[in-house]
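Novice: Listed below are the residues making up each chain.
There are 2 protein chains.
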Amino acid sequence: MRSERERIAAIAELAVGIGANVQPDQVLTVSAELGQEAIARAVAEAAYRRGALFVDVSYYDPHIKHARLRHARRETLGYVPPWIGERILAIGEAGAARVSFQGPLEPHLFDDIDPELLGLDLLPRTRESITVTAKEQTNWSILPFPNRDWAVLVHPDLAPEDAHELLWQQIERILRLDEPDPVAAWEARIAQLESVSGRLDALALDRLHYHGPGTDLTVGLLPGSRWISGRMRSIHGIDFVANLPTEETFTAPDPLRVDGVVTATKPLLVPGTAPVEGLRVRFEHGRAVQIDADAGAEILRSMTARDEGAARLGEVALVDRESRIGQSGSVFYSILLDENAASHLALGNAYPFSVHAGPDRDRANVSAIHVDFMVGSDEVDVTGVTRDGAEVPLLRGGAWVI
Amino acid sequence: MRSERERIAAIAELAVGIGANVQPDQVLTVSAELGQEAIARAVAEAAYRRGALFVDVSYYDPHIKHARLRHARRETLGYVPPWIGERILAIGEAGAARVSFQGPLEPHLFDDIDPELLGLDLLPRTRESITVTAKEQTNWSILPFPNRDWAVLVHPDLAPEDAHELLWQQIERILRLDEPDPVAAWEARIAQLESVSGRLDALALDRLHYHGPGTDLTVGLLPGSRWISGRMRSIHGIDFVANLPTEETFTAPDPLRVDGVVTATKPLLVPGTAPVEGLRVRFEHGRAVQIDADAGAEILRSMTARDEGAARLGEVALVDRESRIGQSGSVFYSILLDENAASHLALGNAYPFSVHAGPDRDRANVSAIHVDFMVGSDEVDVTGVTRDGAEVPLLRGGAWVI
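If you read the sequences in order, they're chains A and B.
Take the first sequence: its letters are residues 5 to 406, numbered as in our numbering.
Take the second sequence: its letters are residues 5 to 406, numbered as in our numbering.
Misleading hints may appear alongside valid ones.
Note that identical chains are pooled: a pair holds if it fits in a single copy or bridges any two copies.
What the hints assert, rightly or not - Cross-link-like lysine to any residue pairs, in silico, SDA-like; alpha carbons within 25 angstroms at most:
id, residue 1, residue 2
1, Lys-139, Ala-403
2, Lys-139, Val-156
3, Lys-139, Leu-73
4, Lys-139, Pro-86
5, Lys-139, Gln-331
6, Lys-139, Glu-90
7, Lys-139, Gly-218
8, Lys-139, Arg-284
9, Lys-139, Ile-88
10, Lys-139, Asp-182
Hints were generated in silico from the structure; no laboratory data involved.
Whenever a hint applies, use it, and build me the whole structure from the sequences.
Specialist: Written out as C-alpha cells, the structure is:
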C-alpha cells in the first residue's frame with residue numbers, strides 16, 4: 005500500500021498534470037480550505053517541479069464566515085471588499101492556472117445559522133470567478149481531496165479511521181489512480197465522452213424530456229447549444245480537464261423553455277450549509293416557480309431570489325451509469341462527485357462556451373449563482389426531441405442508447 | 005485561571021480595541037500564519053461585535069515558500085504576482101484596518117535552504133505594505149500570539165507543555181493583561197513614552213552616540229527627525245497603537261551620517277530563517293560596509309545587497325529598562341518583542357512620518373527592506389549631541405536620564 009504522502013502526491017500530479025496542465029513559467033493559484041494544507045503543499049511542490057513561476061495558495065477559513073453570520077448586521081452580508089474580485093480578474097488577465105479541491109470540511113459548522121442568511125453571503129464563491137471561467141482565460145481543474153469529517157459524513161456507520169480509509173480508496177478508484185496508468189485511463193474515458201458529445205451535436209435536438217419517479221420535465225435547448233465533455237481549451241491554447249473526475253456531457257439550455265416538475269435523485273450540498281434533502285422543483289416558462297424539499301428548501305429559495313437568472317437553468321448535463329461514482333453507490337455530499345454520478349441540472353449562470361459563438365450565446369442564462377442538482381438515475385429516462393418532432397431515446401436504465 | 009478561550013479573546017480585544025481601533029463599518033484585514041487560526045477567529049468575532057463591515061483573513065503557509073525555495077529556478081525567486089501588491093494598495097486606498105500576529109512558527113522549517121536564497125524571496129513582506137504604512141492610510145496593530153513551537157524555542161529546557169504555559173504567562177504580563185484594567189495600563193505607559201518623545205524633540209539633537217561592549221557608533225539625525233512613540237493617527241483621523249507591546253520612542257536617522265561599529269545585543273530573527281547570532285556591523289558614511297556574525301551573516305548580507313537603501317539605517321529607537329520584555333530576561337526570537345526589550349536600529353526603509361513634512365522627509369532612507377536589530381543593554385550608554393556640540397546623556401544603565 006502506498007504511504008499517505010504518496011497518495012497525496014498522486015492526486016497532486018493529476019491536478020497539475022492532465023487536470024490544470026500547468027505550463028512552465030506559468031503562475032498557479034490554489035484555492036484550498038483549512039484542512040487541505042497537505043494537498044495544497046503537494047500541489048505547490050509538483051507545480052514548481054514542472055517549472056511553475058509562482059504558486060499562490062489561498063486558504064479559506066469557514067469559521068471567519070461563521071463569525072460574520074453570527075455577529076454582523078444582516079444588511080452588510082452581501083458586501084465583498086473590492087480587492088477580492090479584483091484579484092480574481094487579475095488572475096484571469098494574467099492567464100494563470102487554477103487548482104482547487106472539494107470535499108466538505110466541518111459539515112455541521114453552519115447548523116446554528118439561519119439558512120436564509122447563508123444565501124446572502126456567497127463567499128468564497130465570487131461573481132468574478134464565474135466571469136474568468138466564462139472568458140476561458142485560465143486552465144483550471146477541481147479535484148476531490150479526502151478528509152476525516154467528510155469520510156464520517158459519507159460513511160456514518162463506520163469508525164472514523166475506517167471511514168477515512170474507505171473514502172480514500174473510493175476516491176482513488178474514482179480518480180482512476182488504481183489503474184496502472186491513470187493518465188491513459190482518463191484519456192480513454194474522455195475520448196468516449198467526446199464521441200457521445202459529437203453524436204448529440206449531430207442530432208441538433210430541440211429539447212430533452214426527463215421521465216421518472218416524481219419527474220416529468222421538458223428542457224428546451226438553444227439552436228446554438230453545444231455539447232461539451234472532458235477536455236477544454238483556454239484562449240491561450242492550453243488544454244485542460246476542468247473536473248477530475250469527469251463523466252458528463254453538458255450544454256446550456258434555453259432559459260425560457262423549461263416546464264414541468266423534477267425531483268432530485270441525490271441530496272444537494274450548498275458549500276457551508278446543511279444538505280438540501282428531497283428537493284422538488286416546478287418550472288414554468290423556464291422559471292423555478294416552486295421549490296420544496298424535505299429539508300433545506302429555504303437556502304435554495306434564498307439563492308434563487310438573488311437575481312433574475314438565479315431561478316432559471318444554466319446547465320443541463322447527462323451522465324451514464326459507467327461513472328465510477330455512480331457505481332460506488334455512495335452519496336458523497338460533494339457536487340464534484342455527485343454531479344458526475346448522475347445526470348444533473350444547474351440553476352444560475354451558463355458557461356458561455358457551451359453555446360456556439362453567435363447571437364444564441366447571448367440567450368444563455370446569466371446569474372451570480374451556479375447550483376447543480378442531480379436528477380438522473382437508472383429509473384429516469386432521458387429522451388431527445390429533434391426540431392421535426394422525432395423522439396430519440398438517449399438514456400435508458402442509466403445507459404447511453406444512442 | 006482563565007480558560008484558553010478567554011486568554012485568546014483578551015488578546016483579540018486588545019488587537020481590535022486600543023491596538024488597531026477598528027471602527028464601525030470599517031473593513032478589517034487580518035494577516036495570520038497557519039497555526040494562528042484561533043486568534044484570527046477571535047479577532048474576527050471581536051471585530052464583527054464592534055460593527056466591522058467585513059473581516060478579510062489571509063493565512064500565510066511557509067511550506068509553500070519552502071517548496072518554492074527547494075524547487076523553483078533561482079532567477080524567478082524575486083517574482084511576485086501583481087495581484088498580491090495590488091491587494092495591499094487597495095486595502096490602503098480603502099482605509100481598512102489591519103491586524104497581524106507575530107511569534108515564530110516552525111522555526112526550523114528553512115534550515116535546509118541556502119540562506120542566500122532566502123534573501124531573494126521576501127514574501128510575505130511586500131514593498132506595497134511598506135508604502136501603505138508610510139502613507140498612514142490605515143489604522144493597524146501587530147501583537148504577539150503564543151504557540152508551542154515558539155515556546156520551545158524560547159524555553160528549550162522546559163517540557164513543551166510547561167514552556168507553552170510559561171510563554172503564555174510572559175506574554176500576558178508583557179501585554180499588561182495581568183493588570184485589572186489593561187487598557188488603562190497601556191494609556192499610562194503610552195503617556196510616559198510620549199513625554200520622553202516630547203523632551204527629545206525639544207533637544208533638537210544633531211546626532212546620537214552609542215558606547216558599550218563592541219559598540220562605538222555615531223548616528224546622525226536629520227533636522228526634521230521627529231521622535232514618535234506609542235500612538236499614531238491615520239490620515240483618516242483614526243488613532244491606533246501600531247505595536248502592542250510598545251516600549252520605544254523612535255525616529256528616522258540621516259542615512260548618510262552613520263559611522264562606527266555596533267554589536268547586536270540580541271539575536272536577530274529574519275522571519276522564516278535561523279536567527280542571526282552575534283551580529284556586528286561596521287558603518288562608513290551611512291553604509292553598512294561590513295557585516296559579520298557568529299551565525300547567519302549571509303542572510304543579512306543578501307538582504308542589504310537588495311537595493312541602495314538596504315545597507316543604510318531607516319530607524320533609530322530608544323527603549324528604557326522599564327520595558328516588561330527587558331525585565332522578563334528572555335530572548336523571544338521575535339522582533340516585535342525583542343525590539344521592545346532594548347534600543348534598536350533598523351536597516352532599510354524609514355517611516356516617512358518619522359520626519360516632519362518638508363524637504364527633510366525626502367532625505368529619509370528608502371528601501372524594500374526594514375530589518376530591526378537590537379543594540380541596547382544596561383551596558384550601552386546613549387548620549388545625544390546637540391547642534392552646538394553639547395553632550396546630553398540620554399540612557400545610562402538602561403534608564404532614561406533626561
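Novice: Can you name, in rising order, the numbers of the hints this structure does not satisfy?
Specialist: Numbers 1, 2, 3, 5, 7, 8, 10, in rising order.
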